[in-house]
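Each number in this note's numbering corresponds to the 1-based position in the sequence shown with 20 added.
Keep in mind the hints are simulated off the structure, nothing from the lab.
Accuracy of the hints is not assured; some may be wrong.
Said to hold, decoys possible - Simulated crosslink set (SDA-like; lysine to any residue; CA at most 25 Å straight-line):
{"id": "1", "residue 1": "K285", "residue 2": "S272"}
{"id": "2", "residue 1": "K49", "residue 2": "R62"}
{"id": "3", "residue 1": "K111", "residue 2": "T78"}
{"id": "4", "residue 1": "K82", "residue 2": "K107"}
{"id": "5", "residue 1": "K25", "residue 2": "S77"}
{"id": "6", "residue 1": "K292", "residue 2": "V109"}
{"id": "7", "residue 1": "K232", "residue 2": "G151"}
{"id": "8", "residue 1": "K107", "residue 2": "D88"}
{"id": "9", "residue 1": "K70", "residue 2": "G35"}
{"id": "10", "residue 1": "K82", "residue 2": "A53"}
{"id": "11", "residue 1": "K136", "residue 2": "I182"}
{"id": "12", "residue 1": "K225", "residue 2": "G213"}
{"id": "13", "residue 1": "K49", "residue 2": "M154"}
{"id": "14", "residue 1": "K82", "residue 2": "G113"}
{"id": "15", "residue 1": "K49", "residue 2": "G86"}
{"id": "16", "residue 1": "K127", "residue 2": "I183"}
{"id": "17", "residue 1": "K47", "residue 2": "V181"}
{"id": "18", "residue 1": "K22", "residue 2": "K107"}
{"id": "19", "residue 1": "K285", "residue 2": "L66"}
{"id": "20", "residue 1": "K225", "residue 2": "A261"}
{"id": "21", "residue 1": "K136", "residue 2": "Q165"}
{"id": "22", "residue 1": "K127", "residue 2": "N284"}
{"id": "23", "residue 1": "K55", "residue 2": "G73"}
{"id": "24", "residue 1": "K251", "residue 2": "L239"}
{"id": "25", "residue 1": "K285", "residue 2": "G262"}
{"id": "26", "residue 1": "K28", "residue 2": "T159"}
{"id": "27", "residue 1": "K232", "residue 2": "V195"}
{"id": "28", "residue 1": "K285", "residue 2": "G123"}
{"id": "29", "residue 1": "K47", "residue 2": "S172"}
{"id": "30", "residue 1": "K55", "residue 2": "K70"}
{"id": "31", "residue 1": "K232", "residue 2": "F201"}
{"id": "32", "residue 1": "K50", "residue 2": "A147"}
{"id": "33", "residue 1": "K47", "residue 2": "L169"}
{"id": "34", "residue 1": "K107", "residue 2": "A68"}
{"id": "35", "residue 1": "K277", "residue 2": "Q165"}
What the hints assert, rightly or not - Between beta-carbon pairs, the in silico distance windows are:
{"id": "36", "residue 1": "Q211", "residue 2": "S172", "range": "34 to 44 Å"}
{"id": "37", "residue 1": "R207", "residue 2": "E152", "range": "15 to 25 Å"}
{"id": "38", "residue 1": "A231", "residue 2": "K50", "range": "26 to 36 Å"}
{"id": "39", "residue 1": "F271", "residue 2": "E222", "range": "15 to 25 Å"}
{"id": "40", "residue 1": "G270", "residue 2": "G35", "range": "30 to 40 Å"}
Ideal placement from N, C-alpha and C gives every residue a C-beta, glycine not left out.
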Amino acid sequence: MKDTKQLKITIIGAGNLGVALARGLAKSKKYDAAKITLTRRRASHLEALKKEGFNVSTENAKAVVGADIIVVAVLPQQFNSALTEIKPVIKAGKQLIISLVTGVSSKDILHLLGGKNRVVRAMPNTAIAIGESMTCLSTLNAPEQDVALAKSMFDTVGETVIIGEEYMTAATALVACGIAFFLRAVRAASQGGTEIGFHAEEALKMAAQTAKGAASLILSRSHHPEMEIDKVTSPKGCTIAGLNEMEHQGFSSAMIKGIITSANKAGVLYSKD
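Using the sequences provided together with the hints, build the complete structure.
What follows is the structure in structure tokens.
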């Protein structure tokens with residue numbers, strides 16, 4: 021395998037995820053910005069990236085020629101046209117294809133491109149922009165070295181876990197949509213803080229840092245959340261009173277139902293037609 025700095029990477033779709041991945045790769049110093057190409061239909065949206073040392077293009081087919089890795093980061097409704105556009109120039113078995121597209125299975129990709137292509141699916145979230153993504157990876161046919169390469173790429177922008185292909189839609193709801201769910205929880209907490217007397221800016225900072233601390237406790241200690249909850253709940257205390265009121269109002273069930281609803285929606289976003 022080539023040294024990572026020598027790898028040519030093309031990212032089809034320079035949206036939020038695609039751009040964040042490119043910047044994360046370059047920032048890690050393990051990948052060379054000059055060997056990363058990003059595409060987008062409107063050239064005006066690519067000027068800033070060009071100034072950062074990336075290659076840019078408005079022509080997908082031209083951009084993938086000679087690439088070692090092709091990252092497809094378009095919207096589900098743009099997927100078929102993007103794959104149809106680059107299919108004639110893809111070298112089957114010679115290029116690793118990494119798809120970030122919600123709802124598009126490896127089977128769908130292999131059906132469109134041909135079974136000889138090496139495909140890895142990746143589901144990051146928008147925290148990729150600050151190097152804190154949770155990214156799930158899966159594959160049906162890629163060899164171990166390809167999966168390891170994909171993992172090393174996404175390790176530069178957060179944490180990664182390899183899961184079965186059948187769980188990728190569920191991962192979309194928990195990981196990708198989940199960012200919004202937790203942000204809404206932080207927002208609600210900050211609004212509660214304002215209700216009890218803090219200025220909005222103070223309440224938001226306190227809520228966000230508290231949420232960060234709670235997540236860090238779980239990640240650093242590998243404890244179940246209830247173990248940490250027990251440490252702050254005393255008999256007849258204010259914490260248990262607040263928790264019980266939230267449960268009476270459906271806090272946990274609402275979160276669970278929201279994740280299930282998002283998973284169901286993610287499974288039908290992509291149309292094969």
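Hints versus structure:
1. K285 - S272: Since the Cα atoms of K285 and S272 sit roughly 20 Å apart, the hinted pair holds (cutoff 25 Å).
2. K49 - R62: Roughly 28 Å between the alpha carbons, so the hint for K49 and R62 is violated.
3. K111 - T78: OK: K111 and T78 at ~20 Å, within 25 Å.
4. K82 - K107: holds (11 Å)
5. K25 - S77: Holds, at roughly 21 Å.
6. K292 - V109: Distance of about 21 Å is within 25 Å: holds.
7. K232 - G151: holds (15 Å)
8. K107 - D88: It holds: about 15 Å lies between the C-alpha atoms, which stays within 25 Å.
9. K70 - G35: Between K70 and G35 the Cα gap is close to 15 Å, so the pair holds against 25 Å.
10. K82 - A53: holds (18 Å)
11. K136 - I182: holds (22 Å)
12. K225 - G213: holds (10 Å)
13. K49 - M154: holds (20 Å)
14. K82 - G113: Status holds; Cα separation ~18 Å.
15. K49 - G86: The hint holds at about 22 Å.
16. K127 - I183: holds (16 Å)
17. K47 - V181: holds (21 Å)
18. K22 - K107: holds (24 Å)
19. K285 - L66: Distance ~31 Å between K285 and L66 Cα, so the pair is violated.
20. K225 - A261: holds (24 Å)
21. K136 - Q165: holds (16 Å)
22. K127 - N284: holds (19 Å)
23. K55 - G73: Between K55 and G73 the Cα gap is close to 9 Å, so the pair holds against 25 Å.
24. K251 - L239: holds (16 Å)
25. K285 - G262: Measuring from Cα to Cα gives roughly 32 Å; hence the hint is violated.
26. K28 - T159: holds (21 Å)
27. K232 - V195: This hinted pair holds, its Cα atoms lying about 16 Å apart.
28. K285 - G123: holds (9 Å)
29. K47 - S172: holds (14 Å)
30. K55 - K70: The given pair, whose Cα atoms are some 12 Å apart, holds under the 25 Å limit.
31. K232 - F201: holds (14 Å)
32. K50 - A147: holds (20 Å)
33. K47 - L169: holds (17 Å)
34. K107 - A68: This hinted pair is violated, its Cα atoms lying about 28 Å apart.
35. K277 - Q165: Violated, at about 38 Å.
36. Q211 - S172: 34 to 44 Å: holds (41 Å)
37. R207 - E152: 15 to 25 Å: holds (18 Å)
38. A231 - K50: 26 to 36 Å: holds (30 Å)
39. F271 - E222: 15 to 25 Å: holds (24 Å)
40. G270 - G35: 30 to 40 Å: Distance hint for G270, G35 holds at roughly 34 Å.
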